[in-house]
Amino acid sequence: MRTLFIGDLHLSADRLDITQAFNRFLDTELDDADALYILGDLFEVWVGDDLAAPFALELACKLKQVSQKLPIYFIHGNRDFMLGKQFADAAGMQMLPEVTCLDLYGVNTVILHGDSLCTLDKAYQRFRKLRSFAFARWLYSCLPKKKRQAIANKIRSNSQSSNQQKSYVIMDVEPCAVDALFTQTHCKQMIHGHTHRPAIHDLTNDCKRIVVGDWYEQGSVLVVSADGVELKSLPFGAS
Numbered sequence: 001m002r003t004l005f006i007g008d009l010h011l012s013a014d015r016l017d018i019t020q021a022f023n024r025f026l027d028t029e030l031d032d033a034d035a036l037y038i039l040g041d042l043f044e045v046w047v048g049d050d051l052a053a054p055f056a057l058e059l060a061c062k063l064k065q066v067s068q069k070l071p072i073y074f075i076h077g078n079r080d081f082m083l084g085k086q087f088a089d090a091a092g093m094q095m096l097p098e099v100t101c102l103d104l105y106g107v108n109t110v111i112l113h114g115d116s117l118c119t120l121d122k123a124y125q126r127f128r129k130l131r132s133f134a135f136a137r138w139l140y141s142c143l144p145k146k147k148r149q150a151i152a153n154k155i156r157s158n159s160q161s162s163n164q165q166k167s168y169v170i171m172d173v174e175p176c177a178v179d180a181l182f183t184q185t186h187c188k189q190m191i192h193g194h195t196h197r198p199a200i201h202d203l204t205n206d207c208k209r210i211v212v213g214d215w216y217e218q219g220s221v222l223v224v225s226a227d228g229v230e231l232k233s234l235p236f237g238a239s
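Just so you know, we're using the working numbering here: the sequence shown kicks off at 1 and counts up by one.
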């Protein structure tokens, strides 16, 4: 048996090739899986469950069918932190806290989206702190739909522009933040996304940090079993 982890799909109406690849993944890659974990940024942008695009609603039906066969767990990312219970229920996804610990075949593992580890990006961390307040999310949800969409588009545009100007170091996780989370959770293994730099890092004290890949040019899945861990690429052109 095995457990699968994915993240950073950034699904959107203008990249239906990614949605199609994800559908193929759901159809062909879940045999003998114990569970599927989605570590945030399933969508490129999410402004509210009441504004879900048609392709997202179709995907929810697909995920719901899959959830009848195996559990699907979801952790919010920095792009879809407004995804709520209404959509999660429709998709058969169980929402988890932003930092969750679990036993993976005898290995204590902490899973998260990963943006909280990029502590050198001070501007983003200030925004992240603001949107973590329930009142701020509630206030945003009360805005007219067009206003929410405009704000989301502005945030997305500003994020893309600022990221182009940030250094590799600032955009990556900060080692002290990684060490602190290991100490806090008493785990020996960490799995996250967000940085779009898939890799398996062997750290000191027999700890391991694993980064899942994004789905911009190809699919990416982390397969964890009692035998170990494997990062697999899924070409979009595969049948």
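Incorrect hints may have been included.
Once the Cα atoms are required to be at most 20 Å apart in a straight line, the calculated EDC-like pairs of lysine to aspartate or glutamate come out as [as the list claims (entries may be wrong)]:
#1 Lys62 - Asp17
#2 Lys146 - Asp27
#3 Lys69 - Asp27
#4 Lys154 - Glu44
#5 Lys62 - Asp31
#6 Lys64 - Asp27
#7 Lys188 - Glu174
#8 Lys69 - Asp50
#9 Lys154 - Asp206
#10 Lys188 - Asp202
#11 Lys69 - Asp32
#12 Lys208 - Glu230
#13 Lys145 - Asp121
#14 Lys208 - Asp50
#15 Lys62 - Asp103
#16 Lys122 - Asp172
#17 Lys147 - Glu44
#18 Lys188 - Asp49
#19 Lys146 - Asp50
#20 Lys188 - Asp50
#21 Lys62 - Asp50
#22 Lys232 - Asp50
#23 Lys145 - Asp50
#24 Lys85 - Asp103
#25 Lys69 - Glu44
#26 Lys154 - Asp49
#27 Lys188 - Asp227
#28 Lys145 - Asp49
Hint data in this document are derived by calculation from the structure and do not stem from the laboratory.
Against the structure, the hints:
| no. | hint | verdict |
| --- | --- | --- |
| 1 | Lys62 - Asp17 | holds, 16 Å |
| 2 | Lys146 - Asp27 | violated, 35 Å |
| 3 | Lys69 - Asp27 | holds, 12 Å |
| 4 | Lys154 - Glu44 | holds, 13 Å |
| 5 | Lys62 - Asp31 | holds, 16 Å |
| 6 | Lys64 - Asp27 | holds, 13 Å |
| 7 | Lys188 - Glu174 | holds, 18 Å |
| 8 | Lys69 - Asp50 | violated, 27 Å |
| 9 | Lys154 - Asp206 | violated, 43 Å |
| 10 | Lys188 - Asp202 | holds, 10 Å |
| 11 | Lys69 - Asp32 | holds, 10 Å |
| 12 | Lys208 - Glu230 | holds, 13 Å |
| 13 | Lys145 - Asp121 | violated, 30 Å |
| 14 | Lys208 - Asp50 | violated, 39 Å |
| 15 | Lys62 - Asp103 | violated, 28 Å |
| 16 | Lys122 - Asp172 | holds, 12 Å |
| 17 | Lys147 - Glu44 | holds, 18 Å |
| 18 | Lys188 - Asp49 | violated, 36 Å |
| 19 | Lys146 - Asp50 | holds, 12 Å |
| 20 | Lys188 - Asp50 | violated, 39 Å |
| 21 | Lys62 - Asp50 | holds, 19 Å |
| 22 | Lys232 - Asp50 | violated, 34 Å |
| 23 | Lys145 - Asp50 | holds, 9 Å |
| 24 | Lys85 - Asp103 | violated, 25 Å |
| 25 | Lys69 - Glu44 | violated, 27 Å |
| 26 | Lys154 - Asp49 | holds, 19 Å |
| 27 | Lys188 - Asp227 | holds, 16 Å |
| 28 | Lys145 - Asp49 | holds, 11 Å |
The structure shown violates the earlier hints numbered 2, 8, 9, 13, 14, 15, 18, 20, 22, 24 and 25.
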